[in-house]
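Asks: Going line by line, the protein sequences match chains C and S.
So the first sequence is numbered by UniProt numbering: it starts at 1 and just counts up by one.
So the second sequence is numbered by UniProt numbering: it starts at 1 and just counts up by one.
Hints are not guaranteed to be accurate.
[What the hints assert, rightly or not] Computed cross-link-like contacts, DSSO-like style, restricted to lysine-lysine with a CA-CA straight-line distance of at most 27 Å:
1) S/Lys-58 to C/Lys-9
2) C/Lys-6 to S/Lys-225
3) S/Lys-99 to S/Lys-58
4) C/Lys-120 to C/Lys-109
5) S/Lys-252 to C/Lys-6
6) C/Lys-82 to C/Lys-45
7) S/Lys-252 to C/Lys-30
8) C/Lys-6 to S/Lys-221
9) C/Lys-30 to S/Lys-99
10) S/Lys-99 to C/Lys-86
11) C/Lys-9 to S/Lys-225
12) C/Lys-14 to S/Lys-227
13) C/Lys-45 to S/Lys-227
14) C/Lys-9 to S/Lys-227
[Said to hold, decoys possible] Far from chain S by the CB rule (all over 10 Å, computed), these chain C residues:
15) Glu-41
16) Lys-45
17) Arg-59
18) Lys-106
19) Leu-112
20) Thr-129
21) Gly-148
Hints in this document: simulated from the structure, not taken from any laboratory.
Positions of the beta carbon are idealized from the N, C-alpha and C atoms, including for glycine.
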Amino acid sequence: MTFIVKTRKVLLNKVLNRRQLSVELLHPNKPTPSQESVVKELASKYKADERNVVVYGLRTTFGGNRTTGFALIYDTQQYLLKFEPKFRLRRRGIIPKRDGSRKGWKEVKSKLKKTRGAEKTKIYMSRKTDKREVIRAQKETYLKGFVGK
Amino acid sequence: MSGGLTYFKEDFPVYSDLISTINDQLQSIDNLHVITCTTENKNNIAQYLRAKNATMAKYLIHLNMYLLHKLNYGNLEEFPVDQLIEDKILIQKIIQAQKKLQYSIDKLSKYQETQINEDDQVVDQVEKLTLKPRIENLHKDETNDKINNPNQKYVPPKLAATLSKSDLNKQKQERREELRKTQRKANLIKSILDEQETDKPKEMTERDLQQLYYGRAEDEKQMEKRKYEEDHMTRLPTTRDEKRRERIAERKANVTRLDDFQEFETINKVLNKGTKKIKKPQGSKLKGSMKKIVKRKRR
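Kindly generate the complete structure, drawing on both the sequences and the hints.
Replies: This is the structure:
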């Protein structure tokens, strides 16, 4: 291990079935460690499955040698899929990324400003990629292939 | 029989004392009984008092029977002692509850006393429990002074100079700046004194530690931001001001390194310690293009 992990403000969130904590990494004269290495360390420390651990918000301080971030350790994969926001699930590859370009979305927005009523919803729904049924189906397919430890 | 007489002689004074206490208790029950009988309304307090009186009287009667039984040297096993114990426990619970109802009981008893006295046309002093506040007297009409005192002259309000809010804020700011100046001076003197060698241990605050390890201490704004982020488990976006401050701090940090020429001198001394100066031989042969460069410089 090339860095030291310190955890602070550990909170047990029974409503969302997870443990919330803030993470501090010390890595003198070395670059910031990757998210995967941090996830491995936390999983071994808290005796959890690596796939149930979420790390985000890693930021190095000015001058280097220290990074701070946050971590969430869920009880099961089902709760992770239920409570995690979609952008983080997309980063993990559970939900596929959005199709379409940023420019396309801006064009749609300009059209929406000019329309009203049923036409507006039609244009909006044509562009909307992450529909509720689609995401639910994607999560179910992921869970079928998931084998717990 | 003689044995019984001796026991009777020993126990009789105790029995007489107990009977006198029972009599006293009965008198208190009588007083409350009068009150409860006279109250016409179905008051909860009256019901409570009636229940209390009944249980007390029952307990006292049973106690009296127990004492007589004991005096007569009768078989105490046949006597229902469990009933006595039950009654006593009941009375204890009732007395515990009485503490909460004491105010209302006192009110009732005093009301009854006044009623009885009024019948005899003897009115006692005003009881505090019967007093109630008059909310009408709280707000007095001050605008009707003209109607009340028509002969009074009109006295206009006094005009006095007052500071506006902006002026007040300015004063506060000035005071803060003065405080900051004095603090800066005090810090200077403190740092000078600390540099002197003393046996006193140095106090390292959080900011000093941050300066030591990371070369820069946190501002108040940065501390606030960090606390907010940690409490809410989110990351706030970096603003343009923060980026600018970081760039300036980086530049300052680099500039100090360039000015530190002393480091090079010390390093060179340490490296060359023990080595002799090698003199260049005369007429050293320079090769190739270096000859031309040296010739140009000499000119």
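Asks: Now tell me if each hint is right for this structure.
Replies: Here's how the hints hold up against the structure:
Proposed proximity of S/Lys-58 and C/Lys-9 is contradicted: the alpha carbons are some 64 Å apart, above 27 Å. Using a Cα cut-off of 27 Å, the hinted pair C/Lys-6 and S/Lys-225 holds, with the two alpha carbons roughly 20 Å apart. With a C-alpha separation of about 22 Å, the suggested pair S/Lys-99 and S/Lys-58 falls inside the 27 Å cut-off, and the hint holds. Under the criterion of a C-alpha separation no larger than 27 Å, the hint pairing C/Lys-120 with C/Lys-109 is consistent with the structure, at around 10 Å.
Using a Cα cut-off of 27 Å, the hinted pair S/Lys-252 and C/Lys-6 is violated, with the two alpha carbons roughly 31 Å apart. For a cut-off of 27 Å, the pair hint linking C/Lys-82 to C/Lys-45 stands: about 24 Å separates their Cα positions. For the hint pairing S/Lys-252 with C/Lys-30, the CA-to-CA distance comes to about 23 Å; that is within 27 Å, so the pair holds. Taken as a hint, the C/Lys-6 and S/Lys-221 pair is honoured in the structure, with Cα atoms around 24 Å apart against an allowance of 27 Å.
For a cut-off of 27 Å, the pair hint linking C/Lys-30 to S/Lys-99 is broken: about 73 Å separates their Cα positions. The hinted pair formed by S/Lys-99 and C/Lys-86 fails the criterion: a straight-line CA distance of about 62 Å is larger than 27 Å. Restraint check for C/Lys-9 and S/Lys-225: the C-alpha separation of about 17 Å stays at or below 27 Å, so the hint holds. Our distance criterion of 27 Å between C-alpha atoms is met by C/Lys-14 and S/Lys-227, whose separation comes to about 23 Å.
Pair hint C/Lys-45 plus S/Lys-227 holds up; C-alpha atoms about 25 Å apart against a cutoff of 27 Å. For the hint pairing C/Lys-9 with S/Lys-227, the CA-to-CA distance comes to about 12 Å; that is within 27 Å, so the pair holds. Listed as outside the interface, C/Glu-41 is consistent with that label: its C-beta sits roughly 19 Å from the nearest C-beta of chain S, beyond the 10 Å cut-off. Listed as outside the interface, C/Lys-45 is consistent with that label: its C-beta sits roughly 19 Å from the nearest C-beta of chain S, beyond the 10 Å cut-off.
Against the 10 Å criterion, C/Arg-59 falls within the reach of chain S, whose nearest CB is about 7 Å from its own CB. Chain S leaves C/Lys-106 outside its interface by the beta-carbon criterion, the shortest separation being 21 Å against a cut-off of 10 Å. C/Leu-112, annotated as away from the interface, keeps every beta carbon of chain S farther than 10 Å; the closest lies near 26 Å. The claim that C/Thr-129 is not at the interface with chain S holds, since no C-beta of that chain comes within 10 Å of its own (minimum 25 Å).
The claim that C/Gly-148 lies off the interface holds: its Cβ sits roughly 26 Å from the closest Cβ of chain S, which is beyond the 10 Å cut-off.
Taken one by one, the earlier hints fail for this structure at numbers 1, 5, 9, 10 and 17, listed in ascending order.
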